[in-house]
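Knowing the structure of chain A, use the given hints to seat chain B on it.
Number of protein chains: 2
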Amino acid sequence: MAASGDEVKLLGAWASTYVIRAKIALQLKGVSYEYLEQQLWENQSELLLKSNPVYKKVPVLIHNDRPICESAIIVQYIDDVWAGTGPSILPSDPYERAIARFWARYIDDTVLASATIKIIKVKTEKEKAETIEQSFAGLSLLEEAYEKSFKGKPFFGGDNIGYLDIAFGSFLCWVKAIEKISDVKLIDEAKFPLLAKWAERFGSVAAVKEHIPETDKLVECYSKVLKALWNARAPNN
Amino acid sequence: MAASGDEVKLLGAWASTYVIRAKIALQLKGVSYEYLEQQLWENQSELLLKSNPVYKKVPVLIHNDRPICESAIIVQYIDDVWAGTGPSILPSDPYERAIARFWARYIDDTVLASATIKIIKVKTEKEKAETIEQSFAGLSLLEEAYEKSFKGKPFFGGDNIGYLDIAFGSFLCWVKAIEKISDVKLIDEAKFPLLAKWAERFGSVAAVKEHIPETDKLVECYSKVLKALWNARAPNN
Chain A
0 MAASGDEVKL LGAWASTYVI RAKIALQLKG VSYEYLEQQL WENQSELLLK
50 SNPVYKKVPV LIHNDRPICE SAIIVQYIDD VWAGTGPSIL PSDPYERAIA
100 RFWARYIDDT VLASATIKII KVKTEKEKAE TIEQSFAGLS LLEEAYEKSF
150 KGKPFFGGDN IGYLDIAFGS FLCWVKAIEK ISDVKLIDEA KFPLLAKWAE
200 RFGSVAAVKE HIPETDKLVE CYSKVLKALW NARAPNN
Chain B
0 MAASGDEVKL LGAWASTYVI RAKIALQLKG VSYEYLEQQL WENQSELLLK
50 SNPVYKKVPV LIHNDRPICE SAIIVQYIDD VWAGTGPSIL PSDPYERAIA
100 RFWARYIDDT VLASATIKII KVKTEKEKAE TIEQSFAGLS LLEEAYEKSF
150 KGKPFFGGDN IGYLDIAFGS FLCWVKAIEK ISDVKLIDEA KFPLLAKWAE
200 RFGSVAAVKE HIPETDKLVE CYSKVLKALW NARAPNN
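Chains as they are written, first to last, in numbering that gives the first Met the number 0: chain A, 0 to 236; chain B, 0 to 236.
The shape of chain A in the complex, shown without the other chains:
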């Protein structure tokens, strides 16, 4: 349990899915913190370089001068340190916890890292069709998982949002932006009814709303900044 004199800082970037995770977790636990927006590709701050020398990426949570990196680890850390405050983020049952971790990792490794984000990077219609298919395959497994393990619950976490909701939900704003940029409906209600309804519910949670960037701003950020950067870098960076 954290002491009341805690100093908490979050190094972030407003458009980052991973940073949104840390923001939602802090809000769920009612933790006050100083938010420090970072430059990511040039003129990185000394604080960022010192706090995350391995990856030089956000989010970094700095709790009483000690940095914690990687969004999944930060969310678990927040849940551990502020265990007595607010709702539990990870399920208390070990098996449910393992299932939440499994699908959260799946989202990072599959849905988020590769298939879905690739749709806006493709060069040809054939590539586009292939990546859409990959993305649908990735989402299908999540729809099946919802059906199998979470059906009848409003959230993956049960009655309230939890670890897996945060992991996937933080990405929904980018799903909407990608849908707009590529003119493809990804979380289609006809294809993925459970995910579509869950996404709607997730977006209306109070602790979530204020941390989700507007779709148009993300589209603009993509057009003005990310497109050029992504074209100049390796496919999945």
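Honestly, I wouldn't trust all of these hints.
[Claimed, not checked] Calculated from the model, a selection of chain B residues having no Cβ within reach of chain A, i.e. all distances over 10 Å:
1) Trp40
2) Gln43
3) Lys49
4) Arg65
5) Glu69
6) Asp79
7) Thr123
8) Lys150
9) Lys226
10) Leu228
11) Ala231
[As the list claims (entries may be wrong)] Below, simulated PhoX-like cross-link-like pairs (lysine-lysine); rule was C-alpha separation at most 20 Å, straight line:
12) Lys120(B) - Lys184(B)
13) Lys150(A) - Lys190(A)
14) Lys127(B) - Lys147(A)
15) Lys55(A) - Lys150(B)
16) Lys226(A) - Lys117(A)
17) Lys117(B) - Lys127(B)
18) Lys127(B) - Lys49(B)
19) Lys49(B) - Lys147(A)
20) Lys196(B) - Lys150(B)
21) Lys49(A) - Lys120(A)
22) Lys216(A) - Lys120(A)
23) Lys147(B) - Lys49(A)
Because the hints were derived from the structure by calculation, they are not lab data. Ideal Cβ placement from N, Cα and C applies to all residues, glycine included.
Frame of chain A, contents of chain B only:
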């Protein structure tokens, strides 16, 4: 805490780093289990396909008919379920837990997944030199981390092996095999004195010894099976 009538099965493959993690964790907690060696590339068992339909990979821990997949998640699950038995695998302090998770993830994403294993897949001397350099860079960061966060302790976990020791230590047998196959000393005592001494200590822990395959058997497994498979597949599969 698990009940005494628990039925625990481990689906594994003897040469897999990831399976070794689950074996060590189960042994540390004194859990009895049935070990079921799996065919990985053809004729996969119904039980494996049913238990891990997403990745179709080992290890899978089956606890009272419920499957848990992914080695990092399995080790945490074992630590959670058998919390009252044997030593804790993850540190109890949230910050130390976050640090252990960070470096374990780093090992999976960097040291293990790419740089080190690539050394035996390269086609040219130039590629070999490059991958050796990448591998040394990856190990350097771990050496620095040991110096900074774990120095003076025999293990990353403190007086006993813990989560990070298992994550990295399970790979040491393959490091030795790769050193033999490629004729390159990777965990060189002159370059990485702390890691080299830690590796020696890790290898002599009673709970570890019996689960570590002999170097020559891994070299043989590589020459007879893996080399052909790896050459036929994508670089990091």
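Structure-based check of all given hints:
no.: 1; hint: Trp40; result: 21 Å, holds
no.: 2; hint: Gln43; result: 18 Å, holds
no.: 3; hint: Lys49; result: 12 Å, holds
no.: 4; hint: Arg65; result: 6 Å, violated
no.: 5; hint: Glu69; result: 6 Å, violated
no.: 6; hint: Asp79; result: 4 Å, violated
no.: 7; hint: Thr123; result: 21 Å, holds
no.: 8; hint: Lys150; result: 17 Å, holds
no.: 9; hint: Lys226; result: 26 Å, holds
no.: 10; hint: Leu228; result: 21 Å, holds
no.: 11; hint: Ala231; result: 21 Å, holds
no.: 12; hint: Lys120(B) - Lys184(B); result: 16 Å, holds
no.: 13; hint: Lys150(A) - Lys190(A); result: 16 Å, holds
no.: 14; hint: Lys127(B) - Lys147(A); result: 46 Å, violated
no.: 15; hint: Lys55(A) - Lys150(B); result: 24 Å, violated
no.: 16; hint: Lys226(A) - Lys117(A); result: 12 Å, holds
no.: 17; hint: Lys117(B) - Lys127(B); result: 8 Å, holds
no.: 18; hint: Lys127(B) - Lys49(B); result: 39 Å, violated
no.: 19; hint: Lys49(B) - Lys147(A); result: 14 Å, holds
no.: 20; hint: Lys196(B) - Lys150(B); result: 12 Å, holds
no.: 21; hint: Lys49(A) - Lys120(A); result: 32 Å, violated
no.: 22; hint: Lys216(A) - Lys120(A); result: 18 Å, holds
no.: 23; hint: Lys147(B) - Lys49(A); result: 14 Å, holds
Of the numbered hints stated above, those contradicted by the structure are hints 4, 5, 6, 14, 15, 18, 21, listed in ascending order.
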